[in-house]
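Assemble chain B onto chain A, guided by the hints.
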Amino acid sequence: MSISVLEALAYFKKPALVVFGGVAGFVVGIWVNSTYFDDATPIQPIEFSHRIHAGENEIPCQYCHVYAARTPVAGVPSVEKCMGCHRSVATDKPEIIKVAQYFADRKPIPWIKVYDVPDFVHFTHKRHIKAGLECATCHGPVDTMDRITRQQPLRMPWCVDCHTSKEVENGRDCWTCHK
Amino acid sequence: MSTALEKFKKYRKPGYYDKFDYHWTMSIDLDRCTGCEACVVACQAENNLPIVGEQQFAMRREIKWIRIERYWEGEYPDIKLQFIPMLCQHCDQAPCEIACPVFATYHNQDGLNTQVYNRCIGTRTCAVYCPYEVRFFNWFTYEWDEPLEQQLNPDVTVREKGVMEKCTFCIQRIRQAKDAAKDDSRRRVRDGEIKPACVQSCPTEAMVFGDLNDPDSQVSKMARNPRGYHVLEELNTTPSIVYLKRVHTDG
Chain A
12 MSISVLEALA YFKKPALVVF GGVAGFVVGI WVNSTYFDDA TPIQPIEFSH
62 RIHAGENEIP CQYCHVYAAR TPVAGVPSVE KCMGCHRSVA TDKPEIIKVA
112 QYFADRKPIP WIKVYDVPDF VHFTHKRHIK AGLECATCHG PVDTMDRITR
162 QQPLRMPWCV DCHTSKEVEN GRDCWTCHK
Chain B
-6 MSTALEKFKK YRKPGYYDKF DYHWTMSIDL DRCTGCEACV VACQAENNLP
44 IVGEQQFAMR REIKWIRIER YWEGEYPDIK LQFIPMLCQH CDQAPCEIAC
94 PVFATYHNQD GLNTQVYNRC IGTRTCAVYC PYEVRFFNWF TYEWDEPLEQ
144 QLNPDVTVRE KGVMEKCTFC IQRIRQAKDA AKDDSRRRVR DGEIKPACVQ
194 SCPTEAMVFG DLNDPDSQVS KMARNPRGYH VLEELNTTPS IVYLKRVHTD
244 G
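If you're matching them up, the sequences are chains A and B in order.
The first sequence lines up with residues 12 to 190 when you count with this note's numbering.
The second sequence lines up with residues -6 to 244 when you count with this note's numbering.
Bound conformation, chain B alone:
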């Protein structure tokens, strides 16, 4: 027990994450986002997300690792519509990681907030702690109708009942790119080599994915943009996703 506690303390020490090989980060330019939900569909296809059905949806049990939140600003007729794609922020100081009693969710060496399905016992504490509400619980073992099971991604587990799940930054693609880098005897993955499903599908290229530890990567440049901000920054979760504020030119 003492060793587990020591590990836990070391793990929560500030500066622990600086040693990471990579620091996967995403930047989302809200000026470019049209709210088309292509990312939502792409994520669904890539990560074997189940369709929960109408009844479960009404009970707010839908599973969408990325969703488009819609905000109206101002009063009619001076009204503006704003979209914010919301997905797991992969916080460096993630509240969900403290919550888990079985260490099923933890921060790995790439700065990813990961969820180990096998370890999860389904207490759902992490979902309660998450201020972004991007963790989803499998209330049932969902099934795919006959031809649809053929399109399941073999690189992603089909989750079962009683397991929490969330955005992984398409870790299977990260793994694949690292594998390719090793084959070419490259030490690091090239910038732009990895594209999560949402980034790949974005028609306006509002999303950029890359390594923040590399100062020359595209995402690092985006992160230095003065429009950049983090969602719910005041909670000190230090999210890995940088949003670029939308600028209304008409005043």
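Same shape as in the complex, but just chain A:
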């Protein structure tokens, strides 16, 4: 009695195809996801351009992100803040009409957070700005970006590297940043 290897292979043909197709689909999916749906560069509800505001018009960061030097969070400006200028500036542009609509509906703009740290991390903008860090150190050249791209990994080694090289007081204690 002889056992043919080919016979056994024929038996596995269908599952092998399914597995191969699955793996190929998975790889293609990851590629599509990372190329077109990059979470470092999310598509915002309004095509707000930092290049125009911070770059061409040279508006200081803290004109809109008012809480950066005072509180842990930098603060996304209110719709009212947008409308403060855009009641009279560029009111005919389609994106500004969208902003005006949010303002009329009394609803906040559902911005997508680009720089988000996990809930177990205590990060405060105030301390970092008072330590003399520039916004661009972490956020990159925002004044050249139309759509904001995350510049830094926001992972613990990145935090600890900086705390170590700058010799931050108690900068490597777990409970300085974790909560």
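Treat each hint with caution, since some may be false.
[Claimed, not checked] Here are the simulated lysine to any residue pairs, SDA-like style, with alpha carbons at most 25 Å apart:
{"#": "1", "chain 1": "A", "residue 1": "LYS137", "chain 2": "B", "residue 2": "VAL109"}
{"#": "2", "chain 1": "B", "residue 1": "LYS154", "chain 2": "A", "residue 2": "VAL132"}
{"#": "3", "chain 1": "B", "residue 1": "LYS57", "chain 2": "B", "residue 2": "MET79"}
{"#": "4", "chain 1": "B", "residue 1": "LYS175", "chain 2": "A", "residue 2": "ARG183"}
{"#": "5", "chain 1": "B", "residue 1": "LYS238", "chain 2": "B", "residue 2": "LEU141"}
{"#": "6", "chain 1": "B", "residue 1": "LYS188", "chain 2": "A", "residue 2": "THR46"}
No lab work stands behind these hints: they were computed from the structure.
These numbers were taken from a predicted model, which means no experiment stands behind them.
Coordinates of chain B only, in the frame set by chain A:
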């Protein structure tokens, strides 16, 4: 591996803790404690402690970072009731710190015995080693019913399943006070500036919190009180909490 061992040896060397900036300490005057459990409730609200439910409670899985222990002294009719608020003693030579295989619990530069939730792998060895039984394990990921989640403290992590937790001396408030001190370009936090939730809520002001390194702080004065003692002192854990003995004047 050798470096980790060296670090560990240095860390356990006597006198290592003397270099600390602060030495956070609490004194609890048992003469003043009425056992009202306001501290228990305050702690629950401040630190996002879950309600484990009746069934889990019966299995002794309740989570209370501070609890009021009740003792009866003497025989009827000469009977006296005594309360002792029991919370993490933040021992300088903490048994739990030796126990942890992943260094999730360690002593930080302020003399606090801290627990890093992210690092904890849930062996529960620390809870076994702790003679005060003040470490609590999250057996499940507990949830808050609809409106209650709104009162969660954003400065404190909501712990998940498989993580050990314990009193932190309200480290978020310590952090906040230090932050304020830095803003005022003060080197140190003022005495009485930090009040953990339990201290703040105590109606009889039985609890005092402060820095033991500062000889003029209120808690240092309390610690020098002849009534002062540590719980289970004979175990040589050198706790950071000083209890002031209750004095019965009627004999």
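Ascending list of hint numbers which this structure does not respect: Hints 5 and 6 are the ones this structure does not satisfy, whereas the remaining hints hold.
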